[in-house]
Every structure is written in structure tokens, then in C-alpha cells.
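S.K.: Residue numbers (our numbering), protein chains in the order written: chain A, 1 to 560; chain B, 561 to 1120.
Please note: incorrect hints may appear among the correct ones.
[Unchecked claim] Distance condition first, Cα-Cα at most 27 Å in a straight line; then the derived DSSO-like pairs of lysine-lysine:
#1 A/Lys94 / B/Lys1055
#2 B/Lys654 / A/Lys495
#3 A/Lys497 / B/Lys654
Since the hints were derived computationally from the structure, they do not count as laboratory data. For clarity, every value in this text was computed on a predicted model and none was experimentally measured.
Number of protein chains: 2
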Amino acid sequence: MSPKNRLIYLPLGGAGEIGMNCYVFGYGPEGKERLIVVDLGVTFPDMDSAPGVDLIMPDISWAAENADRIEAIFITHAHEDHVGALGHLWPRLKAPVYARAFTAAIATLKMEEQGQPLDVIRVVKPRPEVVEAGPFKVQFVPVSHSIPESSALIIDTPAGRIVHTADFKLDGTPIVGEPFDPEEWHRIAREGAGVKVLTCDSTNVFSPLPGRSEATLAGPLSELIAVQEGMVVATTFASNVARLKTLAEAGRAAGRSVCLLGRAMKKMITAAVETGVLTDFPAIIPPEEAVEVPRGNLMLIVTGSQGERRAASAQLARGKYLGLEMKDGDTFLFSSKTIPGNERGVIRVMNAFSEMGVDVIDDRNGLYHVSGHANRPDLEAVHDLLAPKMLLPMHGEHRHLREHCRIGIAKGIAAELAINGTVVDLTGEEPEVVEYIEAGRTYLDGAVLIGAMDGVVRDRIRMALNGHVVATVILDEDEEPLGEAWVEIKGLSEKVKSGASLVERIEGELNEFLDTAGAKVLRNDDKMDEAIKRIVRQVSMEEVGKKPEVTVVTSRLVAE
Amino acid sequence: MSPKNRLIYLPLGGAGEIGMNCYVFGYGPEGKERLIVVDLGVTFPDMDSAPGVDLIMPDISWAAENADRIEAIFITHAHEDHVGALGHLWPRLKAPVYARAFTAAIATLKMEEQGQPLDVIRVVKPRPEVVEAGPFKVQFVPVSHSIPESSALIIDTPAGRIVHTADFKLDGTPIVGEPFDPEEWHRIAREGAGVKVLTCDSTNVFSPLPGRSEATLAGPLSELIAVQEGMVVATTFASNVARLKTLAEAGRAAGRSVCLLGRAMKKMITAAVETGVLTDFPAIIPPEEAVEVPRGNLMLIVTGSQGERRAASAQLARGKYLGLEMKDGDTFLFSSKTIPGNERGVIRVMNAFSEMGVDVIDDRNGLYHVSGHANRPDLEAVHDLLAPKMLLPMHGEHRHLREHCRIGIAKGIAAELAINGTVVDLTGEEPEVVEYIEAGRTYLDGAVLIGAMDGVVRDRIRMALNGHVVATVILDEDEEPLGEAWVEIKGLSEKVKSGASLVERIEGELNEFLDTAGAKVLRNDDKMDEAIKRIVRQVSMEEVGKKPEVTVVTSRLVAE
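Next up, chain A with everything else stripped away, as it sits in the complex:
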């Protein structure tokens, strides 16, 4: 190993938030490290901070500027927060994409949707198969999670071995996919010089009890479904193929025909069957057959566990969907947890069903859902099994990363809290922060990518909070007002405290201003703009108690 080479770690997304995972590893001379990118995920916008935005992804400007140094992109699993940005961001990176078969199938759909080439996606078998990418030798290690074929990565470099867990849990009986194999993890720790660096999932670091297996759900779900009399409708994450199987089997065991609703669910099942992940899924019937089945013999498994407005659950909450509808005496089951921030949407769906007379069962008592992430004792078990020299917690908000660091430090592991944009040198005995690069968020807004700081979304939020006033003034060839000022309002109350109309009050004040303003002001666009905005805001504040956004349109007629 040349003394000039260094090993670096740079999270671009997922370190400081749960979502939009993207991690860069580099090895080589400073500033010329060869790079690999692990995951290109999205996160979902909310009305509070990103109204109108379709998807949020990491700002990969740094990686894009150094695209010629990128050897490969690795996708650990097919969750949106790990693969969702691939089609959008790949054109700026243009490196080969490695993933296991099921993940590759979903990655291919992502590339296809954005019209990107499909032949850059390469299917990898799990360890011992090795992908050589510049100075990196990478192996996919099967881990249990809430989607098939999730993988940790072993990243071997001339400076030592990195284990990147990606999302994982310790599940000996995961229903679909490979069980957790402590022997294998122990072997990974004993090979060569052992594990130098562990970059580790932190999502559930605050959950104090050991995680529960997917297999624990079959009993309670079967018992619950067996005693229902009306139609049973269950929702879970579309990608949780193991859960879909458990639910469908419980439905079949209760003598029910099973029908899947929701595009995302069908995509996942199709990919799972086509890649051989899923071999024995119970027979399902299409919606057009389901409508003929007596309610007591029917079970629907639907998308929309987070109350998403366009998903099947919300459609059923509003009325008929593909000919099917919920009725008094039916049961709706959330086999899922509500992700913080999605409560309002979920509660809306629950109450809509309540109005229909549908019994809603959620996971209040933990019987019908288990998490896909390692809890605190599980994380500690992995620390102990792998015995890394360094720990870089990832996939978590700041508070999760901080807590995870503490656990590592208490065990004598050199842990470092590195949020998005932090370049960490892993060459020595301890992680060393060497640089901070610009790392923010990129928005997919309709069909274009915009920066979170471009001001577009800021303007939307301001219009939503304050309303928008458009004031139009026409000046003639002599810079004299032609006619009167014209005001249009949007998102503001027309009626005002004084009883008059807001538009008339603003127009009145603007006309008074135009009548008395000197030529100096009227000739100067900036001064006009400033004065008109001030008047609009002042009158609005007096009359309706709000300071609106203002657009001033000053048209100057020129002598022809």
C-alpha cells in the first residue's frame, strides 16, 4: 500500500435523515481517489417543506463532477430510498450498476422509466462472487430485511475491509429470502485482517428490545383473518414480499380468494416471481373476478399503508375502486407501521372507513407487523460479531447517528458521526474528518430537477402562507399612468374588515400613489416595483392582517 493513498467515506444522502441513501467510498491519492457509489435513493416530499415536489434525491453534484473517477454503482436492495433515484441521477454518473437479481429487476424498471440504457445493469450473485471495481473488491452478503435479496456489502480495499450493512435485521426465519447467519458474519470478521470499518444502519437504534422475526406474524394474522365475517382488506408495504405471502396464506387458509390491488404491489410480485425469489405464492384472482366472490370469502391485499392519496387504500376509502368497495361489517388491517410524518393521511383513511362501518385494525399492539431494521441489541450483536476498528453510523437522523456512535464508543470502537457532505479519511487507526463538501437536496419537480435552494419551492410556500397579489400598471410614452392600476388576488380573502373589497382598497391606494408619484419614480422600474409592493403589503396588512407575495407588472408603452 503506497503511503500516499487514502481510503475515504463520503455520505451524500441518508446520513442525517431516514431516506435517500447515497454513500461514496474512495481509494487512491488525495483528490484522485477512485470511487464507488452505494445506492441512489429518494425520499418523499411533504407539504410543509416541499409542496408540489414529486421526489427528493441527494444533490450528487460532487459525484457528477468527479464522474470520471467512479468505477461502479452498487445497489444494496430495491427499496425506493436506495434505488428510487437511479433513473434520474444515473445520466450524471454513467457508471456500471451492480445488484442482485431481484434488485436488478427493479433497477431496470427505474432506468426504463427514465429512458436510460438497461445494459449498464449487471446482475451479481452473492458472496463468494466478487465484483472488481478499480481498487475495490465488492461482495454482496445476503441479509434479512423487509424486501427480498437485501444485501450488505463487503468492500475490500488495499487499506482494509469495510462492511456496509445497508438496511438489515437479524431474522433467522424471514419467510422469503436468506435467514440471518451468524456463522457467516463471524467468518467475514475473521478473514484476512478482519473488519476495519463498519458503516451501519441506525434506523432502530432507539428500539430497546431485540427485533422480532417475520415468522412470528403468521399465527396472529391467521387467527385474526379466520374470525372475520365480511370482506378482509389488508395493507402493507408493496415491497414486503414476505408479508404479502404471509397475508395471502392466512387468507387462503381462511377459505378466502385473494386479490392484489395496486400497481406497486403487482410490480414487486412480478419481479419476485420472475427472478425466482418467490416460488410458492398462493393463487391470486384479478379484480374482475373478485367482484363476483361473496364478501366473506374474499381478501384484498392493497397498497397505501401510509395513507397515500393515490394508493388503493385511499381509493377504497373514497368509494369504489376497480368495481370493489368496502361495506359495513368489513375489516381493514394495517399490517404496517405509520412512518412519522404520515399520520394525518393514515388517520384520514381510518376515519373514512369508520364512516362506512368498516372495522379498522392497526398495529397498536405489535401483533401484525414487525420492523425490517435491526434494533439496539441487534446492532450491538453485529458490532460484537464483526469487531470493527471503526464505526460510521448511517441511515438515520442526527439523533440516531449520535446514539449509535455512543454505543460504539462504549464498546471501544472508534466511532465518528459523519453527516451528508462529510469526507472522512479511514486510512489510519481512527476515522478523521478531512473536508466538508456541498451536499443538499435535489427535487424532481414535474419533469425537471431543481435545487432545494433555487427559490422555486420557497416561493410556493410563501404563496401558500401569504397569498399572492398581482398589480398591473401601464405607463404611456410620456411615463404617465395610462388608465388605473389593476389588481388581482389569489389565496386572499376578498372581504375585509372595513367592509370594502380588498382589491378596491389596494387599487385605490395604488392610484393615489400613481397620481402623486413624481416622474423620477415612475421612470424607474426598481423604484416603482418597491413602492407598489410596499403599498400592497401595507393595505393588505391593515385590511386582512396578512402580508402577501406581490408580483408587479409594469408595462411601458413605447412610441411606435
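Fit chain B to the given chain A structure using the hints.
M.R.: Just chain B, lined up with the frame of chain A:
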């Protein structure tokens, strides 16, 4: 009792949601019933459904139209969702307002803030004092809740006795205020003909275990605070005077000086002291003294348990507040639960503190907070104690009311699910729905009250989701375009897929339209408006994938 008289119940707010409580009771000939109003509360807006709105309150149009029939307004307790709308809505009802001393003190502040008369507020002592209001005889019955002097109401009418619980829990050791007294409730049930109707809190109907007493918190809170080394900052609801006392005592016991931060908290403590509710609150110091106290000897109790942006907790999360700031090694305690929908704000505060090195402790394990509402077994205990003939669940979302009805029906009580706007006749043996009146929401928006359906907020949401384009066209005396179309955008990306500017692309298309449009279109404002909107949306969709809101300003110059 004249056979023509009837007893009615009409919820205007709080039945179908948690928040903005407002219930009407009436007695008399149909359509001429004399009325009382119980509570005038608010609910808080969110960005998803009511951006820019300051407060949400019930639409009391029906009550306002029948104001001459209203004998009195009763306020059960001083929570915002029971008294917050008083100052705003009283001018439309103009009836005397009855409340116990502490509640009356807060109600007075609400009236004062809106410039309403204060002498209409009348202080009532608890039962056996009786307020006569037309055909109603009303008594205030002390109940335990999370604010002092909460009261149920006994409403005696010629048609029988109603017990309206308002918000309550069963707490034998509530720290501040009167303990739950089962003997007294039993007496209430045995007086006269017993309880005809129970209108009952439903908030915690899904909580399966009996509620815990406020007194159970003193031990865990004291133990927690005693072992901290840095500054301790705790937050809870400002109105939870008992909790403030427990927290302050735990701080004092640990040798810490206690300082309260946040206007709402000071208001509540002042009202509690002035009305004699609070007699032995530990000594507190002002912020200017607190800055001089060593961190290890200081405790702050602050507002903002829900992550509200302007509250003291959020201010401290952003940096210095009144000279005080959080540092590495300090502890921040949420002695509160997060109300569903507020998760994002709370998590934001937690992560900001994590970045400062502050340890955040929340109520994950239920040690540091108890609810102020009756859980399912507590509700059942009250049903059993009062043995009402009818049950009208209130203060709950639809799903809570529905579940509460089920419990009542299982006990043989005639229960009816009546949401806001439902007129229920309580005269006979069972509740009978007789009418639905218009009952929606009124928004306080800046300084004016607007209807939820007025379109103002709808336009704001649309601008936030889609952006706003303003297109200006000037036509001369001959209806010919004068100059070119002028476009301004707000909340839309300027750069487009084709590489050009969005504004230029739209202006280009509009100018082409103006050049080719016939006089028939140019002369017709509606046709112009429609055509321009269509073009703007079409170009925007093509170029940025969004259909914006459009305001068209067509100025027609007239011959002078």
C-alpha cells in the same frame, strides 16, 4: 312537561375530530327551543389542509342565526380547544358566559384580546351552585384533567338530566385540583330520575389499560433530573399546571434554580396563582437571573412540546433565547406526548438538539407523561357509575365515536353516533336523529374570518402544488394586441427541458396566438382568458411537467 316540548343535542365542533369543541343543547317547542352553548374551542391548522391559516373554529352560523334563543354559554375548562374561539365568536352569539374562576380568568384574556366586553363572563362555583339558564339548570362538577378546574356539567332540563363530561380522566391524586370522587358521581346518578343522557369524551377510547395518575410521575421525573449533570430543560403543555409543579419540584429537589420560558406558560401560572388554584408553586427565577446560574444548578421549563416554531423549545433549538442556550451535555425532556400530525416539528427540534450535543429524552417508555383523558376502562367505569339511558359520544374522530358507541351498546345503553351538524332529539327513550344542519369550519386568516369552503385556501394549496403564472396582454382601442404578451412566473422552474426559459417559451406561444387569433376571440374577455390559460398550461406541461395556476390580466385601452 308539555308534550310539544323537546330536548335536543347538536354538536357544532368536536364530534368527528379532536379539537374545536362546541355543543348546543336545546329545550322547548320544535324550532323554538331555548338554547345553551357548551364550549367555543379552536383547532390548529396544518400546511396540508389550511396553509397560512391562523386558527380553525367551528362554523357557528346556525347558532348565530338563532342567537336570540341562546340563554348562556358555558366553558368547561381553559384548553384552547374549548375556549380558544370565545373572543372571535362571542360577538355573533352575545350571551352571558359561565365558567369557574380559573377558566374565567383565561376566558377573560380571550375576550380582552379581541376587544370584547369582559362583564359578560360570570364566575361560577362548583356544584351545588346552580346556574339557571332558561329551562336549563346547570351545575359544574369538578373532574380531573390536565388543566386546573376542569368540569363536567350537569344539565337538568324538564325532560331529564344530562351529564356532559367534557374532557376528563379518573385521577384520585391529580397534584393540582380536585381528585376523582366516585361517591359524588354515584350521587349524581341517584338524584331524581337519574341520568337520562351522557355526552362523553371519547379521545382515549382505543387505550386499553386504565389511565395513570399524575402523581405517578413525581418519582421517575425526580430520579431522572437528580442524575443529570448539565442544564436540564423540560417541556410540557403550558396549561398542565400540575405537571409544571411536579417538574419544578423535581428540579428544586435536585438543587436547581427553576426558570419558566414562554408566554403561554407564564399566563397559565399567573392565572392559577391569582385564582387560588396554585398556592405552593416552587420559587422561580427570571431568565436574566438564570443566565448567571451554573448549568448544573439550573432547570428551564419551556413551552413548545409540539415542536411549534415560535415556542421556547424551538427557539432554543435554533440558538440563543433570552440569553440562554443549550450546550453539549445538557438534557432536554419531553414530558408530553406528540399529538398525531405534529411529529415532523418535534423531530426537527430533537435533531437540532442532537446537533448541539444535547441528550433528548422523550416519553417513549411512558415514564414521564400521563394522558389527561379517560381510557377505555375508565369510560366503562363512568358508564357504570352514571347508568345513563342514552350515550352520545363526543370529542373524538369518527373512529373514536364509533368505538365508544359500540361499548355503550354492548352495555345496553342507547348510543348514537352524532357528528357535527346532527340534530338529535333526546326527548324519548332513545336518541333520534331528526335533522342535519350545515356545520363546517371557519378560519381565522390574519385578521379576518373566512369559510373553509370560500376557495381562498384552495387557491393557496393549488399555488403551492402547481406554481402560479401571470400572463399580461394589452389590447389597443381597435382590439389589436399592443406590444407582446408578458409573463411572470412564481413557484415554477425557470429552466426547462428544452434548454430555453419557461417564460420565453410561454411568451412565444402566446404571441403566436395573439397574432393569429381573430377579432372574435380578442374582443371576448372570457374567450381570451380561456385560450391564454390553455396555452400557458400546455406549454408548462410540455416544458416542466406541471400545470400551473394561471392569472390572466387583459388590459384594454380605450380611446380617450
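S.K.: Would you mind confirming whether the straight-line C-alpha gap from B/Lys654 to A/Lys495 stays at or under 27 Å?
M.R.: Roughly 23 Å separates the two Cα atoms, so the pair holds.
S.K.: Starting from A/Lys497, check that the Cα of B/Lys654 is at most 27 Å away, please.
M.R.: Distance of about 20 Å is within 27 Å: holds.
S.K.: Is A/Lys94 within 27 Å of B/Lys1055, Cα to Cα?
M.R.: 23 Å, holds
The structure fails none of the hints (numbered hints given earlier).
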